[in-house]
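Visitor: Residues per chain are reported as follows:
Number of protein chains: 2
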Amino acid sequence: MSAVVKRFPQRLDTRQGQVDMTHGSGGRAMAQLIDALFVKYFDNDLLRQSNDQAAFNVDAGRMVMSTDGHVISPLFFPGGDIGGLAVHGTVNDVAMSGAKPLYLSAGFILEEGFPLSDLERIVESMAKASKEAGVPVVTGDTKVVEKGKGDGVFITTTGVGIVPEGVNISGDLARPGDVILVNGTMGDHGVAIMSSRENLEFETTIESDSAALHTLVAEMVSVAPDIHCLRDPTRGGLATTLNELAMQSNVGMRLRETDIPIKPEVSAACELLGLDPLYVANEGKLICICPAKDAKAVLDVMKSHPLGEDAVIIGEVVEDEHSFVQMETAFGGGRVVDWIAGEQLPRIC
Amino acid sequence: MSAVVKRFPQRLDTRQGQVDMTHGSGGRAMAQLIDALFVKYFDNDLLRQSNDQAAFNVDAGRMVMSTDGHVISPLFFPGGDIGGLAVHGTVNDVAMSGAKPLYLSAGFILEEGFPLSDLERIVESMAKASKEAGVPVVTGDTKVVEKGKGDGVFITTTGVGIVPEGVNISGDLARPGDVILVNGTMGDHGVAIMSSRENLEFETTIESDSAALHTLVAEMVSVAPDIHCLRDPTRGGLATTLNELAMQSNVGMRLRETDIPIKPEVSAACELLGLDPLYVANEGKLICICPAKDAKAVLDVMKSHPLGEDAVIIGEVVEDEHSFVQMETAFGGGRVVDWIAGEQLPRIC
Numbered sequence: 001m002s003a004v005v006k007r008f009p010q011r012l013d014t015r016q017g018q019v020d021m022t023h024g025s026g027g028r029a030m031a032q033l034i035d036a037l038f039v040k041y042f043d044n045d046l047l048r049q050s051n052d053q054a055a056f057n058v059d060a061g062r063m064v065m066s067t068d069g070h071v072i073s074p075l076f077f078p079g080g081d082i083g084g085l086a087v088h089g090t091v092n093d094v095a096m097s098g099a100k101p102l103y104l105s106a107g108f109i110l111e112e113g114f115p116l117s118d119l120e121r122i123v124e125s126m127a128k129a130s131k132e133a134g135v136p137v138v139t140g141d142t143k144v145v146e147k148g149k150g151d152g153v154f155i156t157t158t159g160v161g162i163v164p165e166g167v168n169i170s171g172d173l174a175r176p177g178d179v180i181l182v183n184g185t186m187g188d189h190g191v192a193i194m195s196s197r198e199n200l201e202f203e204t205t206i207e208s209d210s211a212a213l214h215t216l217v218a219e220m221v222s223v224a225p226d227i228h229c230l231r232d233p234t235r236g237g238l239a240t241t242l243n244e245l246a247m248q249s250n251v252g253m254r255l256r257e258t259d260i261p262i263k264p265e266v267s268a269a270c271e272l273l274g275l276d277p278l279y280v281a282n283e284g285k286l287i288c289i290c291p292a293k294d295a296k297a298v299l300d301v302m303k304s305h306p307l308g309e310d311a312v313i314i315g316e317v318v319e320d321e322h323s324f325v326q327m328e329t330a331f332g333g334g335r336v337v338d339w340i341a342g343e344q345l346p347r348i349c
Numbered sequence: 001m002s003a004v005v006k007r008f009p010q011r012l013d014t015r016q017g018q019v020d021m022t023h024g025s026g027g028r029a030m031a032q033l034i035d036a037l038f039v040k041y042f043d044n045d046l047l048r049q050s051n052d053q054a055a056f057n058v059d060a061g062r063m064v065m066s067t068d069g070h071v072i073s074p075l076f077f078p079g080g081d082i083g084g085l086a087v088h089g090t091v092n093d094v095a096m097s098g099a100k101p102l103y104l105s106a107g108f109i110l111e112e113g114f115p116l117s118d119l120e121r122i123v124e125s126m127a128k129a130s131k132e133a134g135v136p137v138v139t140g141d142t143k144v145v146e147k148g149k150g151d152g153v154f155i156t157t158t159g160v161g162i163v164p165e166g167v168n169i170s171g172d173l174a175r176p177g178d179v180i181l182v183n184g185t186m187g188d189h190g191v192a193i194m195s196s197r198e199n200l201e202f203e204t205t206i207e208s209d210s211a212a213l214h215t216l217v218a219e220m221v222s223v224a225p226d227i228h229c230l231r232d233p234t235r236g237g238l239a240t241t242l243n244e245l246a247m248q249s250n251v252g253m254r255l256r257e258t259d260i261p262i263k264p265e266v267s268a269a270c271e272l273l274g275l276d277p278l279y280v281a282n283e284g285k286l287i288c289i290c291p292a293k294d295a296k297a298v299l300d301v302m303k304s305h306p307l308g309e310d311a312v313i314i315g316e317v318v319e320d321e322h323s324f325v326q327m328e329t330a331f332g333g334g335r336v337v338d339w340i341a342g343e344q345l346p347r348i349c
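Residue numbers (the UniProt record's numbering), protein chains in the order written: chain P, 1 to 349; chain S, 1 to 349.
Hints were generated in silico from the structure; no laboratory data involved.
Being a predicted model, the structure only gives us computed values, none of them experimental.
Cβ atoms here follow ideal geometry from the backbone N, Cα and C, with glycine treated the same way.
There could be a bad hint or two in this list.
Taking beta-carbon pairs under 8 Å as the criterion, some of the chain P residues facing chain S (in silico) [claimed, not checked]:
no.	residue
1	M96
2	T139
3	W339
Here are some, though not all, of the chain S residues that point toward chain P, as calculated from beta-carbon distances under 7 Å [to be verified]:
no.	residue
4	R62
5	V64
6	G69
7	S97
8	I109
Taking the hints into account, I'd like the entire structure generated from these sequences.
Guide: In structure tokens, the structure reads:
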């Protein structure tokens, strides 16, 4: 229990209370909020020090840093909430360099009037995700904006991690002949959010795939340190992310539609909603591009991990000065899988 | 020039254009925005790699990490804007551990309809502050929320830095007998913002003191590695920050009102606005608590730095199990300088 609780023993009213402007003032109310929610749930020595920064020892090496703002709407959705998502999203961005994520920071922007009970649920879920991932939230910040100047809660998380010796993964390293893999079905997260927004009901609830992928990545790089690219296909989905990688590496890609795993219920919902699942966001999926010689070893280790059971090879990298992503369709034809042009799914993460 | 510009040569309309939902979609419009603003102004190799994370080498040692959300209103104010502030705020939070700040990340939450010309001004100012500080913005993220769900722009920055060997600064290390110093006048930032909000005009414009303090800190720790506490008195001002430190260290403090530097125009504005300058935010000031034996050396080095010309000793740390901050007033009386209770100045940073 921190010094703040000793001095301010009043409980925060997390049942009936709401966020008010004093919770962002730097004074007593903010100290209470921090103690009754953040220090309580995140529960680690670095946070408990109550300094404006967290200090920890690092070994010499290659460090990565990544940041992600989370503005998803609704805040609670089938399979997760903004709290868990804010942990998974940044753990994954760090892990996509092959790094082992070490620590997270969290910046909250709260809207005046937001129920403290909802904030507590979110912080609790964030703490759970952080503990499960073994990546503690060691420092943070809270701001409050007036009612109508925000939308409940926005959470910006930043992560740092260390890349194992010999691993060098980057979006510009895909080479013709490389193989493209994914760890599972596409579009689950985006469809879960859209169904929840539209109040659609299906026979089975479609849940977000929100998950931390760093333990999967650790096993992949341990069997194949020469993996070229890893990226999580979030906003814009598989199609947009592959286009980014193709452009960065100045290569083309050829996919086989029949090999891209999509759940039947996600397919059906996409048809109903007028969405293309290849452009729909994922939050527990990764694209891996590796030399053909490593593909089997990578696929095997993916399939033996709980988050890679449905892993599959979906295509190859080819030479193409126009960096087109092309797909052999289920009917044997071909199509260019282009960048997403406009906004397909706003505030999906 | 990055791959994105090669492929999407259309210019972003930063004269007439506005932020729209597509700028957060993960697609083409977002890539254009990132390239035409962030990559252009922040201009460094790590950002230009276009990965979802930045990688850099670190030496073994003690690292610090700090994060700060910036929701200041108005976005532009006398002496600065949210962009410069977002750099200074986090550079300072890192530096207050005695660390040398190395890298920054930046997460933007933009409101639909926000003028791109204003965003460009902000990014340009952020880039300038980052270059002047020598702390590059190496990775970032952009989200867009619907009109009425945000307030122009919020910026969350996170910084990492390395603490020099032998330096150990923390809020719980103040000891009775220690000396309390500040590097200059109190309340300038908060009064600049409030005057600007209230459209107050004074004979001289009161400007924010927004500045990066890490070079000042580096000189201070080089002459006195045994400094006990450093903290920047932002939200809640000098009074609240001293109360935090007193509580963390379980000590009391005694200040002399006549020694606390306050500009006459800030004093006058505070009287007009009904504010107590001791509770008003600063963005280029620090509190230093060090052993009495080091005080002269620290003071001398502060006074010889452009950001410490008005440095002064304002009081001492004393034994006090109640952790009270007390002040000998200008009239020879005494008063307890308590925590700020409510919200004095909303959205001041």
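Visitor: For each hint given before, does the structure comply? Return the numbers of the non-compliant ones in rising order.
Guide: Nothing - there is no hint that the structure violates, so all of them hold.
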